[in-house]
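Chain residues, written in single-letter form:
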Amino acid sequence: MSTTADREQAGSPALFTRKATGLVREGRTRDALFYNVMWSSVALTFAFFWILYPFAYQGSNAILAFLIAAALGLPGAFLYAMLAQLMPRTGGDYVFNSRSLHPVAGFAASVSYCFWLAVVYGVYTTYIAAYGIGAFSRVMAGNTGSSGWLSFGDWFSTEWGLFLTGSAAVLISALMFVLGGTRLFFKVQVAAFGLYMVGAFLLPIVIGVFQDSGGFASNFNDYGANLGTPDAMNAMQSSAADAGYASAGFSLEATVKSVSVFWFIFGFIYSSNYFAGEIRLRKGTHLRSIPGAVLVAVLFLLVLTPAYLHYASYDLNGMLGFADPAAYGFAAGAPAYPEIAAIASGSSILGGLIVIGFTAGLLIWLPQTMLLISRSMFAWSFDRIMPERLSYVDPRRRSPVVAIGVVTVLAIASTAIYAFTDWFSTLSVLLGLSLTLLVTAVAGAALPYRQKAMVAASPYGRTVAGLPLLTVVGGLALLGFGGAIGILLWDPGSGASLSENPGKLGLAAIVYAVAIAVYFVSRAIRRRQGIDFELAYRELPPE
Amino acid sequence: MGLLRRKRGEEEAGGGRAVRLYYASDIHGTETLWSKFLHAARVYEAGVLVMGGDVTGKVVVPVVVEDGGAHVAELFGRAERAGSDEELADLEGRIRANGMYPHRMSAAEVDRVAALSEQAREAWFAEVMLLTFERWLALAEERLADPAVRCFVMPGNDDPPAVDGAIERATRVEGCDGRVVEFGGYRMVSLGYSNRTPFDSPRELDEDELYRRVCALADQAGDMDRCVFNLHVPPHDSTLDTCAALDEHLEVVMAGSEPKLIAAGSTAVREAIERYQPLASLHGHIHESAGATRIGRTLCINPGSDYHTGRIAGCVLQLRGDGVRHQFVTG
Numbered sequence: 001m002s003t004t005a006d007r008e009q010a011g012s013p014a015l016f017t018r019k020a021t022g023l024v025r026e027g028r029t030r031d032a033l034f035y036n037v038m039w040s041s042v043a044l045t046f047a048f049f050w051i052l053y054p055f056a057y058q059g060s061n062a063i064l065a066f067l068i069a070a071a072l073g074l075p076g077a078f079l080y081a082m083l084a085q086l087m088p089r090t091g092g093d094y095v096f097n098s099r100s101l102h103p104v105a106g107f108a109a110s111v112s113y114c115f116w117l118a119v120v121y122g123v124y125t126t127y128i129a130a131y132g133i134g135a136f137s138r139v140m141a142g143n144t145g146s147s148g149w150l151s152f153g154d155w156f157s158t159e160w161g162l163f164l165t166g167s168a169a170v171l172i173s174a175l176m177f178v179l180g181g182t183r184l185f186f187k188v189q190v191a192a193f194g195l196y197m198v199g200a201f202l203l204p205i206v207i208g209v210f211q212d213s214g215g216f217a218s219n220f221n222d223y224g225a226n227l228g229t230p231d232a233m234n235a236m237q238s239s240a241a242d243a244g245y246a247s248a249g250f251s252l253e254a255t256v257k258s259v260s261v262f263w264f265i266f267g268f269i270y271s272s273n274y275f276a277g278e279i280r281l282r283k284g285t286h287l288r289s290i291p292g293a294v295l296v297a298v299l300f301l302l303v304l305t306p307a308y309l310h311y312a313s314y315d316l317n318g319m320l321g322f323a324d325p326a327a328y329g330f331a332a333g334a335p336a337y338p339e340i341a342a343i344a345s346g347s348s349i350l351g352g353l354i355v356i357g358f359t360a361g362l363l364i365w366l367p368q369t370m371l372l373i374s375r376s377m378f379a380w381s382f383d384r385i386m387p388e389r390l391s392y393v394d395p396r397r398r399s400p401v402v403a404i405g406v407v408t409v410l411a412i413a414s415t416a417i418y419a420f421t422d423w424f425s426t427l428s429v430l431l432g433l434s435l436t437l438l439v440t441a442v443a444g445a446a447l448p449y450r451q452k453a454m455v456a457a458s459p460y461g462r463t464v465a466g467l468p469l470l471t472v473v474g475g476l477a478l479l480g481f482g483g484a485i486g487i488l489l490w491d492p493g494s495g496a497s498l499s500e501n502p503g504k505l506g507l508a509a510i511v512y513a514v515a516i517a518v519y520f521v522s523r524a525i526r527r528r529q530g531i532d533f534e535l536a537y538r539e540l541p542p543e
Numbered sequence: 001m002g003l004l005r006r007k008r009g010e011e012e013a014g015g016g017r018a019v020r021l022y023y024a025s026d027i028h029g030t031e032t033l034w035s036k037f038l039h040a041a042r043v044y045e046a047g048v049l050v051m052g053g054d055v056t057g058k059v060v061v062p063v064v065v066e067d068g069g070a071h072v073a074e075l076f077g078r079a080e081r082a083g084s085d086e087e088l089a090d091l092e093g094r095i096r097a098n099g100m101y102p103h104r105m106s107a108a109e110v111d112r113v114a115a116l117s118e119q120a121r122e123a124w125f126a127e128v129m130l131l132t133f134e135r136w137l138a139l140a141e142e143r144l145a146d147p148a149v150r151c152f153v154m155p156g157n158d159d160p161p162a163v164d165g166a167i168e169r170a171t172r173v174e175g176c177d178g179r180v181v182e183f184g185g186y187r188m189v190s191l192g193y194s195n196r197t198p199f200d201s202p203r204e205l206d207e208d209e210l211y212r213r214v215c216a217l218a219d220q221a222g223d224m225d226r227c228v229f230n231l232h233v234p235p236h237d238s239t240l241d242t243c244a245a246l247d248e249h250l251e252v253v254m255a256g257s258e259p260k261l262i263a264a265g266s267t268a269v270r271e272a273i274e275r276y277q278p279l280a281s282l283h284g285h286i287h288e289s290a291g292a293t294r295i296g297r298t299l300c301i302n303p304g305s306d307y308h309t310g311r312i313a314g315c316v317l318q319l320r321g322d323g324v325r326h327q328f329v330t331g
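Those protein sequences? They're chains X and V, same order as listed. Just so you know, this note's numbering puts the end of the first sequence at 543, numbered straight through with nothing missing. Just so you know, this note's numbering puts the end of the second sequence at 331, numbered straight through with nothing missing.
Bound conformation, chain X alone (with noise of 0.2 Å):
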């Protein structure tokens, strides 16, 4: 054994070190921050904003709106950052949020938040299908002309399509488990993280640099000749105005409406404290990683909003929403962001690039978030309310088999709703999840007065204007989340409002209820068996 004296540059040493276990380099803050911001698919939001802006949004400024959910998520960003500083353990929120406020709040939350990423499974796997694979092929077929490239695109937007590709995509990533593990997981994500960068970005961005709406609408003329539509702008344009296309000029409501569609990224950029408790972070790793990711989201959207526009305009979005998508060739539906810019490219191979760039970003949230979920299930088990089978780890691949099974399950079921019904929107979802996020704000607002002893040791003990900093945080996270809640409930356009879809909000607290019923029939199953699971919560004294 040796031991190290850290030198402060050229003064005394600081502290005194020993070579002993644990005492290791931790893994980097890089690897958090490319986790959150492949996670919070900012390609898909994006591409999202663009379809919907016609029937939800019109006169919304894209900018003005991802800025507002932005600031709303920003101090939540913070406060997850702090709280996976503070509680660095596997299950993320479900740990913050069972000990800071009781365990049945924390376990309700966790499983809300499981079951809504269980539905929102469906908007990526079909979008894989309708916008991935089918966009593919009818970007090769507007490029070359083959009829055989259109019909083999146009299958995958049929119910059929979407479901039997999305299933399949459930479960080559549940399979990458299985046989590779996390590993291969990670192998598998930063190829896709490299596809994502320069197809879901780079590519538009490079394309609005040198692209405008003149040399768009002559591709776009070429492309739509090439699907058996020859004038395909001035068709679309026909056609949007027939459905009664009208320009809008810019509208403040709009703009705070359509915060519920960027709420996508800005709400559920914090995803790393999931996986806080697999490897040791060093003290900051979170912080620089989580509200760090909301920077680089924002200076991508930054960049690719303006370049887009520059070739793709609001009007241009608008129409191609209006307008019958068979009336200028597109029997399959409109184009979404990628497809356009694969368009504006002129090139069968810069726009092949896009589309399986962004089809990336849908393809590793799949895993991704098997991840997650099977990490909160992993957590449950851990503490005995659910079974103790849903935490087995399969030894050689290092891998929660059976929470992966039961998410794997989940996910085709969710794509089976969002093939065969329309009973959930795309944005629906955002409504359940953000209540537990919700919280976790009032769980971290409370933290110092419940967790007194761990706060005050921790770099987070100080105070501001007299109250604790993390309350202040909690707080601020509180009135962002809550703000965000509000603009879900009063939009429309998301699939929650409580005008249009009041039914999604009596969904969310049902989830609650059964979730904290499943609690106290698990805690009287268990003491039956001698186990006592809520010693797991119950506090040690400090002094």
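Heads up, some of the hints might be wrong.
One-sided and incomplete, this derived list gives chain X residues near chain V with beta-carbon spacing under 8 Å [unchecked claim]:
no., residue
1, ALA334
2, GLY530
3, GLU539
If you anchor each label on the Cβ, the simulated ranges turn out as follows [to be verified]:
no., chain 1, residue 1, chain 2, residue 2, range
4, X, ILE510, V, GLU209, 34 to 44 Å
5, X, ILE510, V, GLY83, 41 to 51 Å
6, X, TYR537, V, ARG169, 55 to 65 Å
7, V, ALA145, X, GLU539, 17 to 27 Å
For the record, the hints were derived by calculation from the structure and aren't laboratory data. Quick reminder that beta carbons are idealized off the backbone N, C-alpha and C, glycines included.
Starting from the structure of chain X, add chain V where the hints point.
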């Protein structure tokens, strides 16, 4: 909890008298965690406390006396100054709560220690560490008022040899390393040594020697239906021993964007568990690999360690006859 009124940690039930045992490990010099460990007997109504090793810390923070009498120390990368006795006590308390040892020194003394050879500095480190550890043992005498509570403390691979003597001298805690102890009709086999690590820590053995020592103790213990293994290092490839691989510079080896994970447990411990099949086997050592698994019929536990968060990760075991139930707890 109403079951536990008869005698702390023991209950009469269908299968006979039950024993409740609380196990924690790897607190690495964090005073708050030691204090919590001692409270566990009362809060979890446990009749037996077991500290499974790595009780001493890794960092000494010089609290440097300035000419004017104020003290300065660096905590979380920030210089902190304590002008009064109260501020000094608060500063030292926060250092201790974070698993480090505050040590009042002059600037000249700091430079002298920095200039020592590694071996000499290690000896100095052990002296500083012992001052705290002996105070901890004295605290146990105050806290463990109920004479029915048994408290076993074992050093782990990171603990220097001086720790053994301090444990042996203590009156309220019992040493158990390298021996078989008995409580409530159960026997416990304990060994604080680990297999070889990249850290070259004080208590490491080759797998052959580790296996020989565990087997010798297990043979001595007898009935495995009522025997608990308390072995600091977890069994190899058991999901209780997964940690980041380190290279020769103690840097984490990355696989893509994530640390490369390996099984760092002991093959000797695994073989011994497979051979003897005790009722339960308790482990620490790998902080980030908390969990429970079974090797054959043996329930193997590693509660992990989050010592730097001020939270003590532990496990409550309910032993009844030849059965065992467990519950992870974080206090």
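Structure-based check of all given hints:
no. : hint                            : result
1   : ALA334                          : violated (35 Å)
2   : GLY530                          : holds (5 Å)
3   : GLU539                          : holds (6 Å)
4   : X/ILE510 x V/GLU209: 34 to 44 Å : violated (60 Å)
5   : X/ILE510 x V/GLY83: 41 to 51 Å  : violated (58 Å)
6   : X/TYR537 x V/ARG169: 55 to 65 Å : violated (37 Å)
7   : V/ALA145 x X/GLU539: 17 to 27 Å : holds (20 Å)
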